[in-house]
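Undergrad: Starting from two chains that each stand alone, build the complex the way the hints lay out.
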Amino acid sequence: MTTTATDSHATEHGLSTAGYVRIALILAAITGLEVSTYYVDFGWLFMPALMIMMVIKFVMVVSYFMHLKFDNKLFSWLFYTGLILAVGVYCAALATFKFFG
Amino acid sequence: MWFTLDNLATAHDTHEDAAHTSTGLSNVKLGMWLFLGTECLLFGGLISTYMLYRGRVGTGPRPAQVFDIPFTSVSSFVLLMSSLTMVLAVSSAHKRDDKSTNLWLVITALLGATFVGGQVYEFTAFYNEGMGFSTSLFSSSFYVLTGFHGVHVTVGLIMLLALRGMLKNNKVPGSRAETVEMIGLYWHFVDIVWIIIFTLIYLIPA
Numbered sequence: 001m002t003t004t005a006t007d008s009h010a011t012e013h014g015l016s017t018a019g020y021v022r023i024a025l026i027l028a029a030i031t032g033l034e035v036s037t038y039y040v041d042f043g044w045l046f047m048p049a050l051m052i053m054m055v056i057k058f059v060m061v062v063s064y065f066m067h068l069k070f071d072n073k074l075f076s077w078l079f080y081t082g083l084i085l086a087v088g089v090y091c092a093a094l095a096t097f098k099f100f101g
Numbered sequence: 102m103w104f105t106l107d108n109l110a111t112a113h114d115t116h117e118d119a120a121h122t123s124t125g126l127s128n129v130k131l132g133m134w135l136f137l138g139t140e141c142l143l144f145g146g147l148i149s150t151y152m153l154y155r156g157r158v159g160t161g162p163r164p165a166q167v168f169d170i171p172f173t174s175v176s177s178f179v180l181l182m183s184s185l186t187m188v189l190a191v192s193s194a195h196k197r198d199d200k201s202t203n204l205w206l207v208i209t210a211l212l213g214a215t216f217v218g219g220q221v222y223e224f225t226a227f228y229n230e231g232m233g234f235s236t237s238l239f240s241s242s243f244y245v246l247t248g249f250h251g252v253h254v255t256v257g258l259i260m261l262l263a264l265r266g267m268l269k270n271n272k273v274p275g276s277r278a279e280t281v282e283m284i285g286l287y288w289h290f291v292d293i294v295w296i297i298i299f300t301l302i303y304l305i306p307a
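Residue numbers (the working numbering), protein chains in the order written: chain R, 1 to 101; chain P, 102 to 307.
In short, the hints are calculated from the structure, not lab data. Here the structure is a predicted model, which is why all the values come from computation and not from measurement. It is possible that part of the hints are untrue.
Dumping the calculated BS3-like pairs for lysine-lysine here, alpha-carbon to alpha-carbon at most 30 Å [what the hints assert, rightly or not]:
| # | chain 1 | residue 1 | chain 2 | residue 2 |
| --- | --- | --- | --- | --- |
| 1 | P | Lys130 | R | Lys69 |
| 2 | P | Lys130 | R | Lys73 |
| 3 | P | Lys269 | P | Lys196 |
| 4 | P | Lys200 | P | Lys269 |
| 5 | P | Lys196 | R | Lys73 |
| 6 | P | Lys196 | R | Lys69 |
| 7 | P | Lys196 | P | Lys130 |
| 8 | P | Lys200 | R | Lys69 |
| 9 | P | Lys200 | P | Lys272 |
| 10 | P | Lys272 | P | Lys196 |
| 11 | P | Lys130 | P | Lys272 |
| 12 | P | Lys130 | P | Lys269 |
| 13 | P | Lys200 | P | Lys130 |
Bound conformation, chain P alone (with noise of 0.2 Å):
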C-alpha cells in the first residue's frame, strides 16, 4: 500500500510549502534572493576597487610576495567542502530528519570557523610580513575585501549556531525545511563569493 503516514507528511508539507502569495512564491525565498543580489554589487565593487588598486604596492610587499598559496587552496577546499555539508543538511530539512540536519549543520559550522581561522593567521603572518592595512592601497584593498568576505562567514556561522540552537528547543518560526534553505543559501553565496576571491586575487598574479 502507497498510501502510507509518511505520504500524508510529505503531502501536508507540499502544500505548506506552497506559498499564497500573488506569486505563488515564498516572500521570505524572495526576499532572500533579493537580497543575495543586491550582496553580488557590494562585493563587485569590492573586487573591482581590489583588482584597481593590487599593483599600487608603494614600499610595502607585493602579492606574490606575501601570499601563502598552498595554505589558501586548503582553506579554500575546507569553504567547498562546507557548502556540501550545508547542502546536506537542507536536504535532511525537507526529509524532516532533524538528525542528521543537526549534524550537519554542526559540521558546517566547523569547517567554517575552521576557514576564519585561517584567515585569522593570514592576516597575522601578512602583518608580520610587514603589510599592515595601510602599508599600501593594495593591502588596504586586499583587507577590506578579504576581512568584509571574512565577517559574512562570521555571521554565516552565528546563523548556523542559532539554527541549531532553535530546531533544538522547537523554536524555528515558520516552516523548518525553509529557514535551514535560507540559511543554506547565504552560505552558499559567501563560498561563491570565495570562489572568484580565491582565482581573481591569489592565482592571477598581480
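Next comes chain R alone, as it looks inside the complex (with noise of 0.2 Å):
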C-alpha cells in the first residue's frame, strides 16, 4: 500500500523513474543523431533535420523533466511568452541588419 502511495504521489509530479530514464534515452539518441549530421551528409535534409531534432529535445525536457505538461497552464503561458518574444527579438534583430545593415 505505501507503494501504491508513492507512486501515485510521483505520478501527481510527473513520471515514475523508469519515465524520466526512457525520455533521457530518448533525448541521447536523439543528440546522437544531431552529432551524426557533422559527419554524414544529409543534403538539402540538414538544416530543417537539425532545427526540428533541437525543437523535440527542448519540448521534451520543458514539458517532462520541468513539468509544464503536468502543471498549471499559467506557467507555460509566462515561459512561452518569454520564448516567443526572444525568437520576435532574433527576427526583429535580422531584419534590422538585413535592411539597414
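TA: Here it is, written out as C-alpha cells:
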C-alpha cells in the first residue's frame, strides 16, 4: 500500500523513475542523431532535420523534466511568452541588419 | 488497510503544497517561471547577436577551424544527463527520500562541474589557437554567449551545493520539495539553452 501511495504521489508530480530514464534515453538518441549530421551528408535535409531535432529536445525537457505538461497552464503561458518574445527579438534584429546593415 | 501513516504524511504534504494565494498557485513557482521567461529574452538577445556576427571573423580563425565537435558533443551529453539526475532529485524530494535526494544532487553537481571544466578547457584551446576575446566580432559574440551560459551553470552548481548543505543541516525554509523543484527548474533551463546553443552555434556551420 505504501508503494501505491508513493507511486501516485510521483505521478502527481510527473513521471515515474523509469519514465524519466526513458525520456533521457530518447534525448540521448536524438543528440546522437544531431551529431551524426556533422559526419554524414544529409543534403537539403541537413538544416530542417537539425532544427526539428532541436525543437523536439527542447519541448521534451520543458514538458517532462520541467513538468510543464503536468503543471498549471499559467506557467506555460509565462515561459512561452518569454520564448516567443525572444524569437521576435531575433527576427527584429535580423530584419534590421538585412535592411539597414 | 490503506490508511497508513505514509498516506497521512502524503495528504499533509499535498495540503502544504496547495498554496494559499489569490491564484491558488505557489508564488515562488510563479516567480521562478516569470524569471525563466525573462532569461529567454536575455539568451535570445545573445544568440541573435552571435548569429548576426558569426560570419565576421576578420583575420581570426573561422568557427569550423576551431570548434571540436566530438568534444562538445560529449559535454552536451554530460549536461543532458545532469538534467536526468536533477529530475530524479526532484522526484526523490517529493517522495521525502532525503538520502536519494542528496545522492542525485551530488551527481548533478558533479556532472555540471564536468561541463564547466570542459568549457574552461575549450576556451583555453581556442585562445591558444589565436581566438582571443577581441580577435573578431565572431569571437567576441561567441565568448559572451557561451560565457554567460557557463556563468549560469556555475551559479546553478553553487545553488546545488548550497541546497545540499541546507538539506543536510535541516535548514531549508518552507517546503523542501518545492525548494529542490525550483533549483531543478533553473538547472533544466540552462540545459535547454545549451540544446539551442549546441545546434545553432556548433552544428550549423557559419
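Undergrad: Sort out whether Lys269/P lies within 30 Å of Lys200/P, counting only the CA atoms.
TA: 10 Å, holds
Undergrad: Check the hint pairing Lys269/P with Lys196/P against an upper bound of 30 Å on the C-alpha distance.
TA: Satisfied, since the Cα-Cα distance of roughly 17 Å is no more than 30 Å.
Undergrad: Given the hinted pair Lys200/P and Lys130/P, is their Cα-Cα distance within 30 Å?
TA: With a Cα-Cα distance of about 24 Å, the restraint between Lys200/P and Lys130/P holds, given a limit of 30 Å.
Undergrad: If you draw a straight line from the CA of Lys272/P to the CA of Lys196/P, is it 30 Å or shorter?
TA: 19 Å, holds
Undergrad: Just to be careful, I want the Cα atoms of Lys196/P and Lys69/R compared with a cutoff of 30 Å; is the pair within it?
TA: Given that 30 Å is the threshold and the Cα spacing comes to 20 Å, the pair holds.
Undergrad: Hinted pair, alpha-carbon criterion (30 Å max): Lys130/P, Lys73/R. Please report holds or violated.
TA: 13 Å, holds
Undergrad: Under the criterion that the straight-line Cα-Cα distance not exceed 30 Å, is the pair Lys196/P, Lys73/R satisfied?
TA: Within the cut-off at roughly 24 Å; holds.
Undergrad: Hey, Lys130/P versus Lys269/P, does the alpha-carbon distance stay inside 30 Å?
TA: Roughly 23 Å between the alpha carbons, so the hint for Lys130/P and Lys269/P holds.
Undergrad: Straight-line Cα separation of Lys130/P and Lys69/R no greater than 30 Å?
TA: The hint holds at about 15 Å.
Undergrad: Run the distance test for Lys200/P versus Lys69/R: straight-line Cα separation, threshold 30 Å.
TA: 28 Å, holds
Undergrad: Is the hinted pair Lys200/P and Lys272/P satisfied, with a Cα-Cα distance of at most 30 Å?
TA: The hint holds at about 16 Å.
Undergrad: Quick one, are Lys130/P and Lys272/P close enough, alpha carbons at most 30 Å?
TA: 20 Å, holds
Violated hints for the displayed structure: none, as all numbered hints are satisfied.
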